[in-house]
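4 protein chains.
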Amino acid sequence: MKIGFIGLGNMGAPMALNLIKAGHELYVFDVVQKNIDSVLQHSNQKAIASTSLKALAQSKLDLIVTMLPAAQHVRSVYFGSEGILENVAPNTLLIDSSTIDPKTAREVSRAASSKGNAMLDAPVSGGTGGAMAGTLTFMVGGEESVFNANKSFFQHMGKNIFYCGASGNGQVAKVSNNMLLGISMIATAEAMALGVELGMDPKILANIINTSSGRCWSSDTYNPYPGVLENAPASRGYSGGFGADLMLKDLGLAVEAAKDVKQPVMLGGLANQIYQTFSKMGHGHLDFSAVIQLFKK
Amino acid sequence: MKIGFIGLGNMGAPMALNLIKAGHELYVFDVVQKNIDSVLQHSNQKAIASTSLKALAQSKLDLIVTMLPAAQHVRSVYFGSEGILENVAPNTLLIDSSTIDPKTAREVSRAASSKGNAMLDAPVSGGTGGAMAGTLTFMVGGEESVFNANKSFFQHMGKNIFYCGASGNGQVAKVSNNMLLGISMIATAEAMALGVELGMDPKILANIINTSSGRCWSSDTYNPYPGVLENAPASRGYSGGFGADLMLKDLGLAVEAAKDVKQPVMLGGLANQIYQTFSKMGHGHLDFSAVIQLFKK
Amino acid sequence: MKIGFIGLGNMGAPMALNLIKAGHELYVFDVVQKNIDSVLQHSNQKAIASTSLKALAQSKLDLIVTMLPAAQHVRSVYFGSEGILENVAPNTLLIDSSTIDPKTAREVSRAASSKGNAMLDAPVSGGTGGAMAGTLTFMVGGEESVFNANKSFFQHMGKNIFYCGASGNGQVAKVSNNMLLGISMIATAEAMALGVELGMDPKILANIINTSSGRCWSSDTYNPYPGVLENAPASRGYSGGFGADLMLKDLGLAVEAAKDVKQPVMLGGLANQIYQTFSKMGHGHLDFSAVIQLFKK
Amino acid sequence: MKIGFIGLGNMGAPMALNLIKAGHELYVFDVVQKNIDSVLQHSNQKAIASTSLKALAQSKLDLIVTMLPAAQHVRSVYFGSEGILENVAPNTLLIDSSTIDPKTAREVSRAASSKGNAMLDAPVSGGTGGAMAGTLTFMVGGEESVFNANKSFFQHMGKNIFYCGASGNGQVAKVSNNMLLGISMIATAEAMALGVELGMDPKILANIINTSSGRCWSSDTYNPYPGVLENAPASRGYSGGFGADLMLKDLGLAVEAAKDVKQPVMLGGLANQIYQTFSKMGHGHLDFSAVIQLFKK
Numbered sequence: 001m002k003i004g005f006i007g008l009g010n011m012g013a014p015m016a017l018n019l020i021k022a023g024h025e026l027y028v029f030d031v032v033q034k035n036i037d038s039v040l041q042h043s044n045q046k047a048i049a050s051t052s053l054k055a056l057a058q059s060k061l062d063l064i065v066t067m068l069p070a071a072q073h074v075r076s077v078y079f080g081s082e083g084i085l086e087n088v089a090p091n092t093l094l095i096d097s098s099t100i101d102p103k104t105a106r107e108v109s110r111a112a113s114s115k116g117n118a119m120l121d122a123p124v125s126g127g128t129g130g131a132m133a134g135t136l137t138f139m140v141g142g143e144e145s146v147f148n149a150n151k152s153f154f155q156h157m158g159k160n161i162f163y164c165g166a167s168g169n170g171q172v173a174k175v176s177n178n179m180l181l182g183i184s185m186i187a188t189a190e191a192m193a194l195g196v197e198l199g200m201d202p203k204i205l206a207n208i209i210n211t212s213s214g215r216c217w218s219s220d221t222y223n224p225y226p227g228v229l230e231n232a233p234a235s236r237g238y239s240g241g242f243g244a245d246l247m248l249k250d251l252g253l254a255v256e257a258a259k260d261v262k263q264p265v266m267l268g269g270l271a272n273q274i275y276q277t278f279s280k281m282g283h284g285h286l287d288f289s290a291v292i293q294l295f296k297k
Numbered sequence: 001m002k003i004g005f006i007g008l009g010n011m012g013a014p015m016a017l018n019l020i021k022a023g024h025e026l027y028v029f030d031v032v033q034k035n036i037d038s039v040l041q042h043s044n045q046k047a048i049a050s051t052s053l054k055a056l057a058q059s060k061l062d063l064i065v066t067m068l069p070a071a072q073h074v075r076s077v078y079f080g081s082e083g084i085l086e087n088v089a090p091n092t093l094l095i096d097s098s099t100i101d102p103k104t105a106r107e108v109s110r111a112a113s114s115k116g117n118a119m120l121d122a123p124v125s126g127g128t129g130g131a132m133a134g135t136l137t138f139m140v141g142g143e144e145s146v147f148n149a150n151k152s153f154f155q156h157m158g159k160n161i162f163y164c165g166a167s168g169n170g171q172v173a174k175v176s177n178n179m180l181l182g183i184s185m186i187a188t189a190e191a192m193a194l195g196v197e198l199g200m201d202p203k204i205l206a207n208i209i210n211t212s213s214g215r216c217w218s219s220d221t222y223n224p225y226p227g228v229l230e231n232a233p234a235s236r237g238y239s240g241g242f243g244a245d246l247m248l249k250d251l252g253l254a255v256e257a258a259k260d261v262k263q264p265v266m267l268g269g270l271a272n273q274i275y276q277t278f279s280k281m282g283h284g285h286l287d288f289s290a291v292i293q294l295f296k297k
Numbered sequence: 001m002k003i004g005f006i007g008l009g010n011m012g013a014p015m016a017l018n019l020i021k022a023g024h025e026l027y028v029f030d031v032v033q034k035n036i037d038s039v040l041q042h043s044n045q046k047a048i049a050s051t052s053l054k055a056l057a058q059s060k061l062d063l064i065v066t067m068l069p070a071a072q073h074v075r076s077v078y079f080g081s082e083g084i085l086e087n088v089a090p091n092t093l094l095i096d097s098s099t100i101d102p103k104t105a106r107e108v109s110r111a112a113s114s115k116g117n118a119m120l121d122a123p124v125s126g127g128t129g130g131a132m133a134g135t136l137t138f139m140v141g142g143e144e145s146v147f148n149a150n151k152s153f154f155q156h157m158g159k160n161i162f163y164c165g166a167s168g169n170g171q172v173a174k175v176s177n178n179m180l181l182g183i184s185m186i187a188t189a190e191a192m193a194l195g196v197e198l199g200m201d202p203k204i205l206a207n208i209i210n211t212s213s214g215r216c217w218s219s220d221t222y223n224p225y226p227g228v229l230e231n232a233p234a235s236r237g238y239s240g241g242f243g244a245d246l247m248l249k250d251l252g253l254a255v256e257a258a259k260d261v262k263q264p265v266m267l268g269g270l271a272n273q274i275y276q277t278f279s280k281m282g283h284g285h286l287d288f289s290a291v292i293q294l295f296k297k
Numbered sequence: 001m002k003i004g005f006i007g008l009g010n011m012g013a014p015m016a017l018n019l020i021k022a023g024h025e026l027y028v029f030d031v032v033q034k035n036i037d038s039v040l041q042h043s044n045q046k047a048i049a050s051t052s053l054k055a056l057a058q059s060k061l062d063l064i065v066t067m068l069p070a071a072q073h074v075r076s077v078y079f080g081s082e083g084i085l086e087n088v089a090p091n092t093l094l095i096d097s098s099t100i101d102p103k104t105a106r107e108v109s110r111a112a113s114s115k116g117n118a119m120l121d122a123p124v125s126g127g128t129g130g131a132m133a134g135t136l137t138f139m140v141g142g143e144e145s146v147f148n149a150n151k152s153f154f155q156h157m158g159k160n161i162f163y164c165g166a167s168g169n170g171q172v173a174k175v176s177n178n179m180l181l182g183i184s185m186i187a188t189a190e191a192m193a194l195g196v197e198l199g200m201d202p203k204i205l206a207n208i209i210n211t212s213s214g215r216c217w218s219s220d221t222y223n224p225y226p227g228v229l230e231n232a233p234a235s236r237g238y239s240g241g242f243g244a245d246l247m248l249k250d251l252g253l254a255v256e257a258a259k260d261v262k263q264p265v266m267l268g269g270l271a272n273q274i275y276q277t278f279s280k281m282g283h284g285h286l287d288f289s290a291v292i293q294l295f296k297k
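Chains as they are written, first to last, in this note's numbering: chain P, 1 to 297; chain W, 1 to 297; chain L, 1 to 297; chain D, 1 to 297.
Honestly, the hints are just simulated from the structure, not real lab data.
Accuracy of the hints is not assured; some may be wrong.
Same chains, same names: a pair is fine if it fits in one copy or spans any two.
Unchecked claim - When the alpha-carbon atoms are kept at most 25 Å apart in a straight line, the in silico PhoX-like pairs for lysine-lysine are as follows:
#1 249 <-> 262
#2 203 <-> 159
#3 296 <-> 103
#4 46 <-> 34
#5 262 <-> 280
#6 60 <-> 21
#7 280 <-> 203
#8 297 <-> 262
Please read these numbers as outputs of a predicted model, since none were measured by experiment.
Given these sequences and hints, build the entire structure.
So this is what it looks like as structure tokens:
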């Protein structure tokens with residue numbers, strides 16, 4: 001297929017390269033020139049650099065993928081006279097893999113629809129590791145028939161592809177899951193720190209929790225206590241992984257989305273502030289499991 | 001073996017009956033006569049009723065199990081001139097399966113030790129269902145050699161038997177696990193309520209979470225959203241299960257234990273107050289997953 | 001002076017009427033016709049109804065006051081081809097008394113400035129009672145010389161007129177004060193409910209707090225416990241006063257403003273969720289001191 | 001009067017000295033000999049050192065004051081064969097000025113009553129400064145006639161003497177007030193930090209809050225932002241004042257008392273954990289207003 005790809009950052013670049021590897025013809029664009037250069041180089045010049053967003057949008061593509069940092073970038077890429085919606089041919093499928101609030105996702109989708117373009121919101125999880133390995137999880141919202149017709153496309157970049165329902169629901173699934181994750185990580189940190197402070201060995205405690213009702217991904221796969229899991233960020237100084245500032249962003253989206261629908265999220269709201277406190281201390285670049293440092297010396 | 005069993009409530013009675021089924025000779029006592037009568041009846045009069053705590057303690061037993069509601073009852077059963085420690089023969093093993101704070105557990109254990117009695121703290125999880133089926137989880141603290149010598153004994157009442165380390169660590173494991181559980185349940189409730197309010201189908205949302213990083217026991221085994229899991233309390237009006245007031249008790253123990261060792265537990269502290277709020281509204285008898293009712297109409 | 005007034009709701013209408021009483025010539029507009037009619041009637045037809053926002057903006061006024069529900073309304077009134085900034089004459093002073101986030105206030109002010117119009121953000125507190133009595137508090141941000149030149153103007157509508165510093169700072173003062181107020185009210189509710197539940201008379205407790213270090217406006221002027229202060233909403237079924245949903249809106253602004261500058265607000269975040277919980281239960285129309293109902297039967 | 005005084009620490013010593021200055025005959029005791037020596041020296045040897053608690057109790061006194069760190073010390077001083085209740089003459093008035101939980105206060109009072117001794121719980125606020133100046137606030141629980149007969153006695157040590165109702169209510173008033181204070185201080189810290197981060201001058205912000213609805217003792221008398229109030233601990237590096245660890249103790253009492261009566265205290269519970277977090281970072285010795293350091297760089 002002839003594909004446009006906009007947003008070649010840490011996540012977008014490996015996703016684009018996996019599409020090229022799968023045999024697709026890729027037109028790429030980014031506001032940062034060196035991000036484009038890097039994709040050209042890593043693709044052995046197979047990627048085709050567009051000179052502008054508008055030029056890319058006018059390239060008669062089968063579909064366009066966008067992978068952008070935040071809602072404001074999504075708005076500026078899709079809307080306006082130089083944006084995708086004004087310049088793209090009808091019937092070009094639009095896929096936004098940015099993580100943004102469901103309200104904006106639905107607004108862009110409606111606008112696309114009114115121009116005759118189907119759109120899917122398809123945020124991912126799995127981090128840069130998953131993006132490189134092509135094992136991302138995609139949470140997809142939009143028309144079910146459109147999703148079914150394109151499910152195999154996502155498989156060039158990811159492993160678990162979930163259909164979440166109508167437009168915006170990909171973002172809803174992501175924001176709900178990540179709010180739960182963000183809380184669970186702090187909860188695991190508190191439980192581990194408490195148990196150890198009360199005299200238990202952290203590995204023994206984790207083993208018991210992991211076969212009991214406290215079991216969660218944060219305890220059994222990504223335990224925040226150093227030394228419990230050899231391959232977790234906690235055992236390598238909280239480097240790599242999913243940054244605390246990214247979790248802060250996702251919890252911000254969750255709290256904002258909750259506000260839009262007048263939904264209370266007590267632990268979600270507090271967890272958001274806890275990561276903000278941790279970030280303010282200067283630790284936002286560490287893996288989010290480092291939040292345990294607030295609870296132990 | 002010749003065993004004493006003190007505390008024949010909802011949990012203790014089926015545990016005692018399982019020991020009788022396993023062929024042990026059981027001396028039983030409870031301050032409530034009808035609890036004794038019930039065990040006599042259900043054991044076809046095989047259980048032997050002691051006339052007092054003191055009489056039971058003096059019955060030359062191999063071991064004594066206590067299963068009591070709270071630390072104050074444990075103190076009054078073990079201490080004082082009519083209590084176990086003053087009246088039991090040396091070398092009788094003492095096992096306390098009550099869920100209490102680690103500090104009291106350690107204090108009783110030290111007192112037992114000074115009288116020449118080994119003691120294990122062995123709180124359980126699994127509820128009355130697990131007690132009846134003999135599939136409880138035991139978290140055991142005390143001397144490792146004593147634990148090893150008696151591991152098979154616990155298997156008459158339970159399935160997963162964990163050694164947690166020195167005296168009191170059984171309680172530490174329980175309190176740490178249950179604090180994490182209590183938080184995770186509220187977090188799952190918030191995430192499910194948020195996702196549904198934002199437009200997702202609860203079953204689809206649960207499926208995605210359960211294969212993603214938000215995965216936890218509260219979401220995949222005990223989901224609080226009605227209709228998601230057929231066999232969860234949420235799908236039968238939150239009857240049965242683990243009462244919100246019991247979770248409130250366990251979170252109270254966690255917060256108190258944290259205070260003793262000057263350990264902050266921010267989400268633990270808030271979760272405690274959330275269950276207290278829910279209980280104050282008159283819902284403490286419902287399964288603890290009913291806490292989701294604070295977050296949805 | 002020749003004044004334009006846009007937004008004639010519960011707060012705006014009495015403010016406009018006070019300006020007319022003070023002898024000003026008022027051009028008024030609202031998107032709801034009956035709000036205009038009501039001001040015409042209550043002013044004995046002295047107010048002059050503009051037929052549109054654009055017509056009002058083009059009326060060669062000395063200054064324009066806007067009093068609108070939220071940032072989105074402020075944007076749509078000031079921006080766009082039919083909006084104030086495109087149509088107003090240079091040197092017309094613009095005063096926005098809406099309560100909105102500081103970021104939007106600053107953005108509108110910058111846009112006004114680039115068109116040659118000075119602008120003050122001037123949110124109020126004091127409620128509809130204060131608006132009618134002309135005793136509002138104004139918190140004003142913008143050029144100090146512009147503030148000084150117009151301070152007397154505010155005195156036609158209010159009593160305490162505070163200069164808060166550069167543009168947007170009026171909103172900053174309001175959001176900071178109201179976040180503190182929203183938290184203090186819940187804190188007072190918890191303290192009063194706790195003391196009474198522990199056996200104290202609520203009036204005696206309030207008297208002690210009010211002469212001690214727990215003293216605050218929420219305890220000494222607006223006590224949430226029924227019967228403590230005869231004239232507080234708590235003593236008349238929480239009717240009248242400042243609605244819980246308005247406090248929820250202000251805490252939402254505070255949390256959002258905090259997020260913009262990466263400032264943690266732990267109690268602010270939780271207080272926001274507590275009012276949201278209370279509102280979800282269907283009580284958002286009650287005075288915000290009714291939040292005590294979450295903490296007492 | 002002939003008075004016994006037990007507990008001669010930072011608070012007790014100056015209280016005892018003020019009683020001597022007022023002309024009373026003082027029998028003093030402390031488990032730390034140098035505390036006794038210090039009072040002897042500062043009283044020019046007017047104080048009379050008792051050789052033991054029991055000896056003091058048997059000295060045929062008019063009344064005994066106790067001023068101890070925590071409930072466990074109160075129990076050990078009043079109970080047991082060497083304690084006050086076993087050794088004191090009937091009709092000796094007992095006054096406990098320790099800050100402890102209301103439940104223990106009531107238990108000790110009941111025991112005293114059954115021995116024929118009236119008892120008042122009379123915790124103080126005002127710190128060591130107030131103790132030295134004789135300007136403490138006393139919150140007194142017990143029989144009203146006993147309080148009235150002894151009100152003037154308290155005035156030798158304090159300025160504001162409040163009658164709070166039945167036994168234990170002195171502690172209830174203190175715990176309720178201090179919970180509100182502990183929350184208000186964090187709330188003020190968050191509001192000040194937020195306003196400054198958003199661009200306001202801290203003094204201007206404080207001035208506005210102090211004449212608005214956010215007004216509280218923490219903002220107008222003890223503002224946590226450095227430089228706002230010349231005489232507040234914030235303006236001298238948070239030295240002196242009321243230590244964060246003392247506030248932590250009081251919030252611990254509040255949360256525990258709330259648990260006893262099944263009263264939810266959401267902000268109280270979180271505030272408790274916030275001071276615990278601050279203390280864990282090693283700052284418990286600073287004035288409690290230093291908690292603002294969690295919220296600003």
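Each hint, compared with the structure:
Proximity of residue 249 to residue 262 under the C-alpha cut-off of 25 Å is found in both arrangements, the shortest distances being 20 Å within a copy and 11 Å between copies. For a Cα distance limit of 25 Å, the shortest separation of residue 203 from residue 159 across copies, 21 Å, qualifies, whereas the shortest one inside one copy, 31 Å, does not. Taking the closest pair of Cα atoms, residue 296 and residue 103 come within 25 Å of each other only across two copies (20 Å); inside a single copy the shortest separation is 38 Å, beyond that limit. In this homomeric assembly, residue 46 and residue 34 come within 25 Å of each other (Cα to Cα) only inside a single copy, at 16 Å, whereas the closest approach across copies is 65 Å.
In the homo-oligomer, the alpha carbons of residue 262 and residue 280 lie at most 25 Å apart only across protomers (7 Å), although the nearest pairing inside one protomer, at 28 Å, exceeds that limit. For the homomeric pair residue 60 and residue 21, the shortest alpha-carbon distance inside one copy (21 Å) is at most 25 Å, but the shortest distance between copies (65 Å) is not. Taking the shortest Cα distances, residue 280 and residue 203 sit within 25 Å of each other only across copies (23 Å), while inside one copy they are farther apart (30 Å). For the identical chains of this complex, residue 297 and residue 262 are inter-copy neighbours only, at 11 Å across copies versus 38 Å inside a copy, given an alpha-carbon limit of 25 Å.
Comparing the model with each numbered hint stated earlier shows that all of them hold.
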